[in-house]
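*Asks:* Heads up: the sequence lines are chains C and V, in that order.
Counting in the UniProt record's numbering, the first sequence runs from 1 upward without gaps.
Counting in the UniProt record's numbering, the second sequence runs from 1 upward without gaps.
Keep in mind the hints are simulated off the structure, nothing from the lab.
Incorrect hints may have been included.
[What the hints assert, rightly or not] Here are the simulated lysine-lysine pairs, DSBU-like style, with alpha carbons at most 35 Å apart: (1) K299/V x K346/V; (2) K728/V x K706/V; (3) K784/V x K800/V; (4) K346/V x K34/C; (5) K490/V x K381/V; (6) K728/V x K661/V; (7) K769/V x K661/V; (8) K635/V x K540/V; (9) K958/V x K34/C; (10) K34/C x K784/V; (11) K34/C x K210/V; (12) K540/V x K641/V.
Quick caveat, the model's predicted, so the values are computed rather than measured.
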Amino acid sequence: MELNQDEILCKESTVKRASDRFNINSQLEHLQAKYVGTGHADMSRFEWAVNIQRDSYASYVGHYPLLAYFAVAENESIGRERYNFMQKMLLPCGLPPEREED
Amino acid sequence: MTWDATPKLGGLATPTPKRQRSRWDETPASMGSATPLPGSAATPAAAFTPGVTPIGGVDLATPTPGALNLRGAMTPEQYNLMRWERDIEERNRPLTDEELDAMFPQEGYKILDPPASYVPIRTPARKLLATPTPMGTPLYAIPEENRGQQFDVPKEAPGGLPFMKPEDYQYFGALLNEEEEEKLSQEEQKERKIMKLLLKVKNGTPPQRKTALRQLTDKAREFGAGPLFNKILPLLMQPTLEDQERHLLVKVIDRVLYKLDELVRPFVHKILVVIEPLLIDEDYYARVEGREIISNLSKAAGLATMIAAMRPDIDNIDEYVRNTTARAFSVVASALGIPALLPFLKAVCQSKKSWQARHTGIKIVQQIAILMGCAVLPHLKSLVEIIEHGLSDENQKVRTITALSLAALAEAAAPYGIESFDSVLKPLWKGIRSHRGKVLAAFLKAIGFIIPLMDAVYASYYTKEVMPILIREFQSPDEEMKKIVLKVVKQCVSTEGVEADYIRNDVLPEFFRNFWVRRMALDRRNYKQLVETTVEIANKVGVADIVGRVVEDLKDESEPYRRMVMETIEKVVANLGASDIDARLEELLIDGILYAFQEQTSDDANVMLNGFGAVVNSLGQRVKPYLPQICGTIKWRLNNKSAKVRQQAADLISRIAVVMKQCQEEQLMGHLGVVLYEYLGEEYPEVLGSILGALKAIVNVIGMNKMTPPIKDLLPRLTPILKNRHEKVQENCIDLVGRIADRGAEYVPAREWMRICFELLEMLKAHKKGIRRATVNTFGYIAKAIGPQDVLATLLNNLKVQERQNRVCTTVAIAIVAETCSPFTVLPALMNEYRVPELNVQNGVLKSLSFLFEYIGEMGKDYIYAVTPLLEDALMDRDLVHRQTAASAVKHMALGVAGLGCEDALVHLLNYVWPNIFETSPHVINAVMEAIEGMRVALGAATILNYCLQGLFHPARKVREVYWKIYNSLYIGAQDALVAAYPVLEDEGSNVFSRPELLMFV
């Protein structure tokens, strides 16, 4: 029975949110949320920084002239440079900090 | 179904108190309301007796199947009509002696005896109708008069309950008893509460309905499934239920089901009995709603319960019950997935117990295919395997339904899934040799749908196999067989592997002999199918063969048949062109269409018109020799007494004008132009519209300077016609005037154009968008012809009008004038108008600017500095709409001048736009966000990012939310460009945020 109560609560909260479903702003936010890399009000500095780093590396890898420039600067082959950048995208800023509330 | 069968109402123990009314009242019309529907189990014959507890309740949930059939024997509309009629009759009834005595003075009047020859009408039919209730018949006595009954004003419902219709009394009558609520038992109180809520949902105002619905939903579990459904289901069975009410009740069930979940299980059968008939309702929405409930019901109750509830109905003796059950099962399959149902279906289809069970099982498969379409594909093989043995079933009905189900499956699966049908090909093709009649028709239908799935080689082989049978069945007198044969021929012929010669030699002679007969044109479905099939055959064998065979029939004496011939020729010629038609056939064809066109009398004239147009257009220059004859006919018919004929003649001119030009018959067209001009006084608007359309077509092809009558004579005749309010006239007239303003404005004096401008303002009110668009464009042409000043003055004045649509159109017109005459001719006056202290005018100016900058695009770079001060002011205005419209103007401006070196002005404007980001009104915030997007394009993402950074980590969530929203749209729009502009973040503990690569330098 308790579980059922929970379910009902759950359903009701979705119903409430559905009330302003046709509001154009929430539509926009919903649309934005589908893309990786977009942010929201509860985003931490770390999460945003990770996105920035990944975007940056993706951009370096995507623009060949930029990649070539970095390769010259670091005295590496272009392929190696591309590989390095892609590896760095995994954990660009190190491990995430401990959440305070946890 | 007789009265005795009504549960609990047997015999004479009717709960209806004798209706105390004079016999005069018992007109036939009163029958309906007292007993809404003979035979419906829901009728305790207590319609007008508030206070009698409705008996419906539990009994209703299990009516005999036959009773369900009667739902809708009288539509709610008819029923309402009868109620009104009855009310009127009541008021108009003859006066009684007492009433007359009371009315007239005692002296001076004498009551005359009826003439000796007078015999009251005592026909048996009348007597029958005069009987008050069927149950009263045996002991009929003339009832006593009761004038106290109220028919027009219903008893006031207590406690703010909504109005109750007389039919509702039997369900909600209890609510009118003003009993002490405390005295009622718990159960009764609950029941009363449910009734109140349902009444509010059914008859209440929208707010009442909303709260009631909400309460019903929230308390569903508290009320319990039993009491709820005992009240709802009888209501749904009410024969006089209107669509809207049914929709609302369905909504209640939907919500309640959702809440009750597994508690609904004991009531599944009762609900199904009520809902299943909806699945075969005539009304599409009733069917959809029925499906929705059953689908939700099966999700709530689960497959096992559903099967248990419907299992007994599968081999019910009544075909009706089996049919609805099959449909209900298909809905269950779509709700819970086909695989869940497969084992059950397999068992049912192989039932040894009765053929009815097998029949229903196979029918379920058919309904699944129809309902789910291509979603059957993943399970196609298993579905076919489940039913395939039915092709050789001992019962003929089972064989038929199996073939039909295969047809439905193939249709749903097309063009895929032929491999799943491998196992049934042989029995099907063997079957068509051994079966006759209905079974054969079903088999042929299945074959027809399977052939298009096959590869060309197989299709051709199987087509050859089936063709002899089809040709044999061409002669079948059975209508259903005819339709199926036509359909299958179409399907076979359209496959690749079938050769033209084969069809030409073996099929065509029989086909035309049997199908191209007058009788086929009379039935709409036959007609359509025959035309479709013939067109498909023509695609294979070519135009000449088909047209050659039917062309003579254009002169047939039956008009529907001629129409069918014409439609076929039209489609064939439009598909394949006329190059195959030789000189002789061409002559016959023109002769035929002229005859058919002239002889048409029916209202559906478009077929002839389209046919004529299609033939003439595809023949092209070859029509030249016939044109004098055609034009002679047109001229003759333009003078006809019948408006329809005149309209058709004018319409025909617009169809063939292009071809006349191709044939260099300009003189003839000029002549027609003069004739049409003379008919501009036409009084029928439909005809006038067509005449204007014809003139337009002629002007379009021969040009302004060669036009006769000359434009300077034509246009003044059109000006008064612009006043005509008929949509067709308006549209054609404005098109013609716009054309002249565009191409031949110089033939007309400026004064005349101004006069037209004033007329045009009225046309901005038109309902049809096409008319408004043509009008707005015409403003542009006129402004170009006579200079913008006068036109602009007219338009700016029009900004003061009240009507929104009119103002919006005016702003568009201003923008178009500005575009055609260069903005500098318009902007000064427009900006000056902004000083008028009136909201509508100022907003109109801003909107014009918005459209203007949208239309002129890059040209905007020369004007941006001129309008910036105005926009500054508007963006700081207190009025929301000012800011909204100005923001959209800024958006268009920014997009237009992107990359043209106007960044200084744009940044300035952005500073005024930016403070509006916290607006909450949807239109305003939308305009603001779009303005910012425009700025992103014009100024670059980096600039906007710098505006954003201040708020991304603001302590107030409301601020952060807005800023992240802007950031996100920026990010989605220009992610890559942001890489260079991200701020330098300082490292934090073990996390490194710096981007050293960007600092590299060679």
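*Asks:* Look at each hint and say if it fits the structure.
*Replies:* Now the hints, each set against the structure:
1. K299/V x K346/V: At roughly 22 Å apart (the allowed maximum being 35 Å), K346/V and K299/V satisfy the hint.
2. K728/V x K706/V: Within the cut-off at roughly 27 Å; holds.
3. K784/V x K800/V: holds (24 Å)
4. K346/V x K34/C: Answer violated: K346/V to K34/C is near 43 Å, above 35 Å.
5. K490/V x K381/V: Holds, at about 26 Å.
6. K728/V x K661/V: OK: K728/V and K661/V at ~26 Å, within 35 Å.
7. K769/V x K661/V: This hinted pair holds, its Cα atoms lying about 31 Å apart.
8. K635/V x K540/V: violated (39 Å)
9. K958/V x K34/C: holds (21 Å)
10. K34/C x K784/V: Given pair K34/C, K784/V is violated - Cα atoms ~49 Å apart, limit 35 Å.
11. K34/C x K210/V: holds (33 Å)
12. K540/V x K641/V: violated (44 Å)
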